[in-house]
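Dock chain B against chain A, hints included.
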Amino acid sequence: MDVLKIRKDFPMLDNKIMQGHPLVYFDNAATSLKPNQVINAINDYYKNYTSNVHRGDYDLAAFADKNYELARTTVAKFIHANDNEIVFTSGTTASLNLVAHGYALTHLHENDEILLNEAEHASNILPWYDICKQTKAVVKFIPLDDEGKVTPKAFLECINEHTKILSIAQISNVLGYEVDLKEIIRIAHEHQIIVVVDGAQSAPHIPVNVKDLDCDFFCFSAHKMCGPTGVGVLYGKYNLLEETSSTLLGGGMNAKFDRCGNILYKKPPFKFEGGTPAIEGAIGLKAAIDYLNQIGMENIKKYEQELKQYAISKLKELDNVEIYNANSTSGIIAFNIKDVFCQDAGTYFNSLGIAVRSGHHCAKILPDYLHVTGTVRASFYFYNTKEEIDIFVEACKHGGDFLDAFFK
Amino acid sequence: MLSLNDPILKREIIMDHYTNPRHKKLVDDPRYLKVNMNSESCIDDLDIQILVEDNIIKDFRFDGVGCTISTASTSILGDLIIDKTVDEALDIVKNYEQMLQEEPFDEEMLEEAVVFKDVSKQANRIKCATIGYNGLKSLLSQIRGDKK
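Chains as they are written, first to last, in this note's numbering: chain A, 1 to 408; chain B, 1 to 148.
Chain A with its partners taken away, still in its complex shape (with noise of 0.2 Å):
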């Protein structure tokens, strides 16, 4: 992997300048950076061949139906589904609020559990308290190991006749843990519960197979995997997204219907994709997935270990730094400058170029585990490098000087 290569095929990366420092981007669990070649099949969509797909009866609207599909195939492929498997959303959030509302809603009755636990993102969390308001299920949290991990064990201690929708982030957002999934969907399995998979923080990071980990519902989104934003995918075993409803109902997704309120809907996963979809989204998605095959998703993986032990090891050796998930594989940073309030630390880390995020992390409920109100998140992509951490690191270092921000 030839990092000083791939660094030039992104703009962003081209001596950017923030707060009069070289642009040092570490908030990659946040959104990640567009290489050109997604850039350039993006305008190349606007410039050469727009138009609506599943439609026109002319050559450019049929060129956009057959990328628009290509995309949907490219995104098969890279974790392992079948085409018919695979709905275009507006991301994650998106992915998520359609298996509960589209499949959760209908499912569910009184007293059925739905297990969760403290680490998951908001979108991970308010979808079920919603479908718990309307159905009068009950989420439940599996508690987190010392650590801050869900373990099989752990959710194999929560289980009971009435746990029926197990839905968990294959990475959290925040501590950057890898459940060991395969087992847990086993487990999950071996008493009919159906898991749902949030993959925003692993889908870009890691080798991902659907068909493998046996997963039911798998969600991500693109401009986390230098894609743009507005896109995701939601993945669905064939005869669950034929048991989910149509949560966003009009063009596109229905066969026919007439004035006596008769529909039909077009099988899944047209049936999912009401309304004019994103169609540079989902071809900028296929662009971003061509890019990350070529580089290839175990050396993402490999590079992304080794910059996190790197930056660990740097950090470990200043005592006023704070680590909260040093044993963590992902390229996710969670800590504290002692005595510095996070986002003092943040608007620190701004003054001197670089950007990391500061706060809860959208994982509001994780800070009472952590007991700390908030923390720093340093998250590393495929495109970052060693010296980058060292500059980091030496910022780390003078941290205790954090209104600095506001006098230079």
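Source of the hints: derived by calculation from the structure; they are not laboratory data. One or more hints might be untrue.
Which bits of chain B does chain A cover? Going by a derived footprint, with three or more residues having C-beta under 8 Å, they are [said to hold, decoys possible]:
{"id": "1", "stretch": "6-18"}
{"id": "2", "stretch": "66-75"}
Okay, derived cross-link-like pairs now, DSS-like style, lysine-lysine, Cα gap no bigger than 30 Å in a straight line [to be verified]:
{"id": "3", "chain 1": "A", "residue 1": "Lys386", "chain 2": "B", "residue 2": "Lys117"}
{"id": "4", "chain 1": "A", "residue 1": "Lys397", "chain 2": "B", "residue 2": "Lys117"}
{"id": "5", "chain 1": "A", "residue 1": "Lys338", "chain 2": "B", "residue 2": "Lys94"}
Chain B is nowhere near these chain A residues, computed Cβ spacing over 12 Å in every case [claimed, not checked]:
{"id": "6", "residue": "Lys47"}
{"id": "7", "residue": "Thr163"}
{"id": "8", "residue": "His191"}
{"id": "9", "residue": "Cys260"}
{"id": "10", "residue": "Asp319"}
{"id": "11", "residue": "His360"}
{"id": "12", "residue": "Ile391"}
For each residue, glycine too, the CB sits at the ideal point set by N, CA and C.
Below, chain B without anything else, positioned relative to chain A:
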């Protein structure tokens, strides 16, 4: 008057109000009006209370979770407005907002609050520097609304 050109003194004032905030304790007294302020860009979560009698702000209190900028700015706000009339307080708020928007303002009126003049260098923190001020405005408009 505090010099705007002494960064070391300004830093000391901010750190002093952050580590030893004034007015940071709520009271359980029905005469006080209270508002909760949540910042969108930060994880600040502050409750603010004021006691207004005869159009005079007799007391100002706050508590909750806040970053250095929100805590120190709210602490200094309390110092500024206690014993002022509602109109005087609103004038102070207006001047402060003008300072953060890099518009002309009355330095003398803002006293220690001038230390936040440079907050606009870090755009995402303007909300932190104004959270107490916005809370106060919301409480004062409640009072004025009640009178009408």
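Here is how each hint holds up against the structure:
1. Closer than 8 Å: that is the beta-carbon criterion, and the stretch 6-18 of chain B has 5 residues meeting it against chain A, so the requirement of 3 holds.
2. Evaluation of the coverage hint for the stretch 66-75 of chain B: fulfilled, as 4 residues show C-beta separations to chain A shorter than 8 Å, against a requirement of three.
3. Distance restraint check for Lys386 (chain A) and Lys117 (chain B): the Cα-Cα separation of roughly 36 Å exceeds the 30 Å cut-off, and the hinted pair is therefore not satisfied.
4. Distance check on the hinted pair: Lys397 (chain A) and Lys117 (chain B) sit about 27 Å apart at the alpha-carbon level, within 30 Å; holds.
5. Using a Cα cut-off of 30 Å, the hinted pair Lys338 (chain A) and Lys94 (chain B) is violated, with the two alpha carbons roughly 36 Å apart.
6. At the 12 Å boundary, the C-beta of Lys47 (chain A) stays outside the reach of chain B, the nearest C-beta of that chain being 34 Å off.
7. The claim that Thr163 (chain A) is not at the interface with chain B holds, since no C-beta of that chain comes within 12 Å of its own (minimum 33 Å).
8. Interface exclusion of His191 (chain A) from chain B stands, the closest Cβ pair being 38 Å apart, more than 12 Å.
9. Against chain B, the non-interface label of Cys260 (chain A) holds: every CB pair exceeds 12 Å, the least being about 47 Å.
10. Every CB of chain B lies more than 12 Å from the CB of Asp319 (chain A), the least distance being 21 Å, so the non-interface label holds.
11. Taking the minimum C-beta to C-beta distance to chain B, about 6 Å, the non-interface status of His360 (chain A) is violated against the 12 Å cut.
12. Residue placement check: Ile391 (chain A) keeps its beta carbon more than 12 Å from all beta carbons of chain B (closest about 19 Å).
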